[in-house]
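Q: Take a look at the letters that make up each chain.
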Amino acid sequence: MSEVSVQTADFDVGVEIEALSSGDVGAGAVASFVGLVRADKLAEGQAGEGVTAMTLEHYPGMTESALAGIVVEARRRWDLRRVRVIHRVGRLLPGERIVFVGVASSHRGDAFAACEFIMDYLKTQAPFWKKEETPDGGRWVDARESDDVAARRWEAVPGGKAT
Amino acid sequence: MSEVSVQTADFDVGVEIEALSSGDVGAGAVASFVGLVRADKLAEGQAGEGVTAMTLEHYPGMTESALAGIVVEARRRWDLRRVRVIHRVGRLLPGERIVFVGVASSHRGDAFAACEFIMDYLKTQAPFWKKEETPDGGRWVDARESDDVAARRWEAVPGGKAT
Amino acid sequence: MSLKVLYFAGLREAVGVSAENIDLPAGIATVGELRKFLGVRHEALTTAKNLRAAVNQKMVGHDAPVAEGDEVAFFPPVTGG
Amino acid sequence: MSLKVLYFAGLREAVGVSAENIDLPAGIATVGELRKFLGVRHEALTTAKNLRAAVNQKMVGHDAPVAEGDEVAFFPPVTGG
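As given, the protein sequences belong to chains C, P, U and Z, one line each in that order.
Numbering (my numbering) for the first sequence: 1 to 163.
Numbering (my numbering) for the second sequence: 1 to 163.
Numbering (my numbering) for the third sequence: 1 to 81.
Numbering (my numbering) for the fourth sequence: 1 to 81.
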């Protein structure tokens, strides 16, 4: 199976996590993350504008290579076994899954760090853009400064695989 | 559903992760961890001793309250929504799931931190003990210094909920 | 020099074009110079804040070189995940 | 003073008992003193390294007090997860 998928379809979290360790005698730790469309976040918009859906645009081709590059960098930093990244595109409703990142490793420290690293880099390096739907029309989501901060903190952890 | 379970039965990771966000409009991030019985770890034992299974002993009553206490501490430190901890006891074979920790939050930073914190404290504070089975008999697993180190690093992050 | 230029998200909507093939005059050697040149016909390229760019599907700074046949993309800061 | 004492894992096997009710003589007021007293009959309590203890199902240090009716447990460092 490919490590990286960009797709409109939903994914099965249980199946994905199972596949990260199935048949791998050394996979003692699987860390994973699921990101969902928040309904309350949507409601944080301009007063009176209930947001009913979100559409994810992306840059076909670059998206996949950007995600694959982030996984390569994670493998350079930590001792990983299987890794899986899925990002959906197209129109999504509140509560729907957007993104899955799963990392298997021998030890939990590497699995946790790599999983969070991949999410932080995905947020700032992978070419996806969210547009919210409101009764008055669409609204592009602004990038968050906190995402840049989250990604930058890994620059201080440049390499050196954990033992 | 209870936040903490200690049980002999296996669990369904997909169902547990789904339950952490289902119907909760504010759950935008679900971080989770699955720990499994490693076959290669088992093989790290004394030469010639293939390990075929592992038995988890625990301290009934204290186990549940220790896990619940760790969750309380995680909630004090981070802004969390649903949390779920499952730990199996009894006899387990290589590749079988041992532990599940899942944390839902509005933001991924809190979900990741709390999930890893719960695992680190579980490893050093919850009364479980592993015994490996070998052809020559049983062997209790020694505690790892690295687990104490992992738990201690949270002492430098005493409180202050992330924004 | 001939290039393919792509626009995404809010910038795509403001420019009104998602992709175009451009014949460049001499003297345009970097992403920043290309942006300035294209800004004459697409005002949003001049006014957009924090505009990001990619050359051949790799994120680059505005001082990165552009060459014949490159695929250059301009877009706002990404917001996936 | 009467107490319930529990042993777990390798210590339980070495002691040969998982639980016992103990009547203590006067002068035993802490976990450490209880451990020393019980070590006379259970050698493993004296020789075990890094022995941990809990009183009424809460992990405590060896200077923690013990009182009538307490449930006191001794065990090796935990290895779950």
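Hints are computed from structural coordinates only; laboratory data are not their basis.
Owing to the predicted nature of the structure, the values given are computational and were not obtained by experimental measurement.
One or more of the hints may lead you astray.
To be verified - Facing chain C, according to a computed beta carbon distance under 7 Å, are these residues of chain P, among others:
| no. | residue |
| --- | --- |
| 1 | Phe11 |
| 2 | Val13 |
| 3 | Ala19 |
| 4 | Ser21 |
| 5 | Thr52 |
| 6 | Ala53 |
| 7 | Gly90 |
| 8 | Leu92 |
| 9 | Leu93 |
| 10 | Ala151 |
The beta-carbon is built from N, C-alpha and C at its ideal position, and this holds for glycine as well.
Q: So, for every hint listed, does it hold in this structure?
A: Here's how the hints hold up against the structure:
1. Phe11: Since chain C brings no Cβ nearer than about 10 Å to P/Phe11, farther than 7 Å, the hint is violated.
2. Val13: Hint on P/Val13: holds, closest Cβ of chain C at ~5 Å, below 7 Å.
3. Ala19: Hint violated; P/Ala19 Cβ to chain C Cβ min 11 Å, cut 7 Å.
4. Ser21: Holds, about 6 Å.
5. Thr52: Given a least distance of 13 Å, the restraint on P/Thr52 is violated.
6. Ala53: It is violated, given that the least Cβ distance between P/Ala53 and chain C is near 14 Å, above 7 Å.
7. Gly90: 18 Å, violated
8. Leu92: Where the cut-off is 7 Å and the nearest Cβ of chain C is about 12 Å from P/Leu92, the hint is violated.
9. Leu93: 12 Å, violated
10. Ala151: 12 Å, violated
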